[in-house]
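In order, the protein sequences belong to chains A, B and C. So the first sequence is numbered by the working numbering: it starts at 1 and just counts up by one. So the second sequence is numbered by the working numbering: it starts at 1001 and just counts up by one. So the third sequence is numbered by the working numbering: it starts at 2001 and just counts up by one.
Calculated directly from the structure, the hints in this document are not laboratory data. Among the hints, erroneous ones may be present.
To be verified - Capping the alpha-carbon separation at 27 Å, the derived lysine-lysine pairs in DSS-like fashion look like this:
1. C:LYS2326 x C:LYS2292
2. B:LYS1005 x C:LYS2207
3. C:LYS2203 x B:LYS1200
4. C:LYS2046 x B:LYS1198
5. C:LYS2046 x B:LYS1248
Claimed, not checked - To give a feel for the contact side, a few chain C residues facing chain A, derived at Cβ under 10 Å:
6. GLN2116
7. VAL2144
8. MET2177
9. PRO2179
10. ILE2338
Said to hold, decoys possible - Pair ranges (Cβ atoms, derived):
11. A:THR47 x C:ASN2194: 48 to 54 Å
12. B:PHE1155 x C:LEU2214: 30 to 36 Å
13. C:VAL2243 x A:LYS149: 32 to 38 Å
14. A:MET1 x C:GLU2181: 21 to 27 Å
Bear in mind the structure is a predicted one, so any value in this text is a computation, not a measurement. All residues carry an ideal CB built from backbone N, CA and C; glycine is no exception.
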Amino acid sequence: MTNEFLLAGFGGQGILFAGKLLAYVGLYAGKEVSWLPSYGPEMRGGTCNCSVTVSDDPIGSPLILEPSELMVMNTPSFDKFIGTVKAGGMAFIDSTLVDGTSDRTDIKCFYIPATQLAADNGLKGMANIILTGKILKEIGLDDMAVIEKALQKVIPPKKANLLDANLNALKLGMNA
Amino acid sequence: MPEFKRPHALTDAYLHYCPGCTHGIVHRLVAEVIDEMGIENDTIGVCPVGCSVMAYDYFNCDMIEASHGRSPAVATGVKRGNPDKFVFTYQGDGDLAAIGTAETIHAATRGENITVIFINNTTYGMTGGQMAPTTLPGQITQTTPYGRDTSEAGFPVKVCEILSQIDGVALAERVTVIDPANIKKAKAAIRKAFEFQKKKQGFSLVEVLSTCPTNWGMTPVQALERVKTDMIPYYPLGVYKEGAVRNKEEA
Amino acid sequence: MAEKSLMKGNEALAEAAIRAGCKCFFGYPITPQTEISAYLSKRMPKVGGTFLQAESEVAAINMVYGCAGSGIRCMTSSSSPGISLKAEGISYIAGADLPCVIIDVVRGGPGLGGIQPSQADYWQITKGLAHGDFHVLVYAPSSVQEMADMVAKAFDMADEYRMPAIILADGLLGQMMEPVEFADEEIKMSDASNKPWAANGHKGQRKHNIINSLYLQPQELEDKVVERFKRYEDIKANHTMAVADYCDDADIVVVAYGSTARLAKSAVDAARKEGLKVGMFRPVTLWPFPEKELQEATKNAKKILTVEMSMGQMIHDVKLAVNCSKPVEFYGRTGGIIPAPADILKKIKEMGGNK
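Build the full structure now, drawing on both the sequences and the hints.
The structure is reproduced here in structure tokens:
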């Protein structure tokens, strides 16, 4: 089993962080993982994406051109990547931020108003985690003990106070 | 009565310098200071590209030959790996103030605990007397055959004056070795520079106004006279900056 | 062994250097390798080492020259344009027989080029690094774990043969995260105790040491260079490294190194799934090039395909290694574009990969 995630949005939305969380969940679930960011001169506000592979087998190319799971948090990324999702794959779309829907019938699209949900639940800035929760649920990597361990690992010590909020966001996403 | 003999920190090798060149005097002063401070065992010298490229054969301490202009960077590498050893560079004007300007300035800004002996003889000696960054206005060299025209070739670099503006510098002093009185002052400056290094108090540089009779087309005596009449007025002797930049002793 | 954690390739290199006893690091910021400097600036002061941001690449490599000359394990890292600037210093380090490790996280060129991954420094690093008759050891990792493992190897080989060792990575390897583990060993900074040639103060115990690359007598210089090339021959005979997969029955053997080898391996795996007889050969040492290993891996092959993130540089070494005895074709992308496994597979099929 191999999951190839492509996560895309604006810099500052926590795209790379979400990718890191997915990778650690995979690692702690005993799988092979790789994480590859797009990198460039743009910092905050620029487009940003990240390839994450979680697999039972050793990983060849860490660069994902045709994801099995796509997460998008802005319209340009939606327009750019929705056509690249593998047939039979899934797309997780922040419908608060993305205008439009896909007419593809060979993939499963989840339109989740993640940014709105985050605002409504006092989890501002955690739309990325809500979407990640949904992804983990849908692909069946949903062992809470593993997920919690991964979260503890990726949240920097300075922000340890945000652990509970992140967990809440994940659960919110899993149930969305 | 102290006996006049070769300092231990100098090897027995014959110096290859031209007759009347003051490199020999400066080598000796550095070696005497190393002897008097008893630090030869723990000293690493870095020599440049230029006439003193083979100074590694003349000093008895461990020596490293650097590429052109990079001695302060090389010395930085030695010092950072071995903070308790003594590290000095010995550089000419082309090496230090042209191709190696960046390395000089930045070793100084970092306040590297190294000592730089800077030989200013207003010319590139080894390659046969071309214009140096310190060549005086109007001075004839192989590449300024009509005299250094400052409108074309720019102005001389005044190293001590520049370094006096840099916070990391513990000592910037200009001396000369044209007569016994000045030689004594030069030695005192070199000793002071090594003492700053010993106490880890910052970057120390001693600029020595020197001669190059061969490329100046002069006798040794005329060359010494030129230092007095032409160089010192442009490059006044004296202390430009002095004082610990770190590890200051309690008053 | 400690628990595996995810690290960027650049960070893994940096941590591995500390664990290999690298006491001093001299660097200058340049994308895509700056994480190495950032990581070491945090870590070095905690372990009694030195991190120094130099004023230039030129200064950084000369700091390495001085530090290595005093017998201390030290390192610098850069990316392509910065390596060009270091070239002079590397020649002096080679000429003075000093050990050190240099990282090149390659980006697209020439000139300022781009900042995306590339392998266009192959010629520069393996052939024409700087003036004079000399070689440097070149290691090409293809995973984050290998990035870490090769640092200690590079330091050990550099010490043993008294020459610079280069780790040739690229932006893809430098920026990606993978699980990595380090042996749980106490960190011990290097000293000069096994380096009797080091210029670190003679303590009155020996004649003064001189670190130098100047030999004005031609005979002396020739002797010196010939002695160095004898060491190179020993390395060629004993220290080449390569990985071959499914080459025994392969009609086509794909040759690629570094991150490109992973992309090529994905294509080869896909080809095998379709029943095509395709093999994969990955040189791990680029100098010396694993010629014998490549000859062995391709002895039954009809064709060879070289895949690179450049216009084709390693391909010349591949042709030389097999003595042009069979066709060597090329597929590559350059300028920072990463070759897609699907396109490599397409090329394999065009070459007539048979079931």
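Here's how the hints hold up against the structure:
no. : hint                              : result
1   : C:LYS2326 x C:LYS2292             : holds (15 Å)
2   : B:LYS1005 x C:LYS2207             : holds (20 Å)
3   : C:LYS2203 x B:LYS1200             : holds (20 Å)
4   : C:LYS2046 x B:LYS1198             : holds (25 Å)
5   : C:LYS2046 x B:LYS1248             : holds (25 Å)
6   : GLN2116                           : holds (8 Å)
7   : VAL2144                           : holds (8 Å)
8   : MET2177                           : holds (4 Å)
9   : PRO2179                           : holds (6 Å)
10  : ILE2338                           : holds (5 Å)
11  : A:THR47 x C:ASN2194: 48 to 54 Å   : holds (51 Å)
12  : B:PHE1155 x C:LEU2214: 30 to 36 Å : holds (33 Å)
13  : C:VAL2243 x A:LYS149: 32 to 38 Å  : holds (33 Å)
14  : A:MET1 x C:GLU2181: 21 to 27 Å    : holds (23 Å)
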